[in-house]
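Participant: Sequence:
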Amino acid sequence: MSTVKRFIAGAVCPRCAAMDRVVMYEDEGQQVRECIDCGFRDVMASEPETRELETRVNRKAKAPQATEAQPIRFYPNPKLSSKKD
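The opening position of the sequence shown corresponds to residue 1 in my numbering, with each subsequent residue numbered one higher.
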């Protein structure tokens with residue numbers, strides 16, 4: 001089975017500074033980048049998964065508190081009452 005190597009557009013080799021000569025492939029479960037000009041090879045370190053930051057969007061909603069019903073009083077607005085002359 002052959003390894004599929006992909007060119008990385010715009011990548012610059014850390015050793016020889018050649019542009020667009022770096023390929024990326026997977027070898028034994030690790031990601032490897034390699035320069036096809038100078039032979040530089042680097043195994044990319046895998047980072048552990050980071051947990052999602054808590055924001056107001058992904059926070060669990062609190063249960064609504066029960067509120068006691070209260071009567072509402074409406075008072076006429078004196079500025080809106082019609083004047084009869």
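Any given hint could be a false lead.
FRET-style restraints, in silico, Cβ to Cβ [to be verified]:
{"#": "1", "residue 1": "Lys60", "residue 2": "Ile8", "range": "39 to 45 Å"}
{"#": "2", "residue 1": "Ala61", "residue 2": "Ser81", "range": "43 to 49 Å"}
{"#": "3", "residue 1": "Ile8", "residue 2": "Lys62", "range": "43 to 49 Å"}
{"#": "4", "residue 1": "Glu52", "residue 2": "Lys79", "range": "49 to 55 Å"}
{"#": "5", "residue 1": "Val12", "residue 2": "Thr50", "range": "51 to 57 Å"}
{"#": "6", "residue 1": "Gly29", "residue 2": "Lys60", "range": "33 to 39 Å"}
{"#": "7", "residue 1": "Arg51", "residue 2": "Phe74", "range": "47 to 53 Å"}
{"#": "8", "residue 1": "Thr55", "residue 2": "Leu80", "range": "40 to 46 Å"}
No wet-lab data here; the hints were simulated from the structure. Backbone N, C-alpha and C define an ideal beta-carbon position, used for all residues, glycine too.
Participant: Each hint: holds or not?
Facilitator: Taking the hints in turn, this is what the structure says about them:
Separation of lysine 60 from isoleucine 8 is about 40 Å and conforms to the stated range, judged on CB atoms against 39 to 45 Å. Separated by about 44 Å at the C-beta atoms, alanine 61 and serine 81 satisfy the suggested range of 43 to 49 Å. A C-beta distance of roughly 47 Å is found between isoleucine 8 and lysine 62, which places it inside the suggested range of 43 to 49 Å. Between glutamate 52 and lysine 79 the CB atoms are about 53 Å apart, so this pair conforms to the stated range of 49 to 55 Å.
For valine 12 and threonine 50, the Cβ-Cβ distance of about 27 Å falls outside the hinted range of 51 to 57 Å, so the restraint is violated. About 36 Å separates the C-beta atoms of glycine 29 and lysine 60, a value consistent with the hinted range of 33 to 39 Å. Checking the proposed 47 to 53 Å range against arginine 51 and phenylalanine 74 shows it holds: the Cβ atoms sit about 51 Å from each other. The supplied range of 40 to 46 Å is met by threonine 55 and leucine 80, whose beta-carbon atoms lie about 44 Å from each other.
Hint compliance for this structure: hint 5 is the single one not met.
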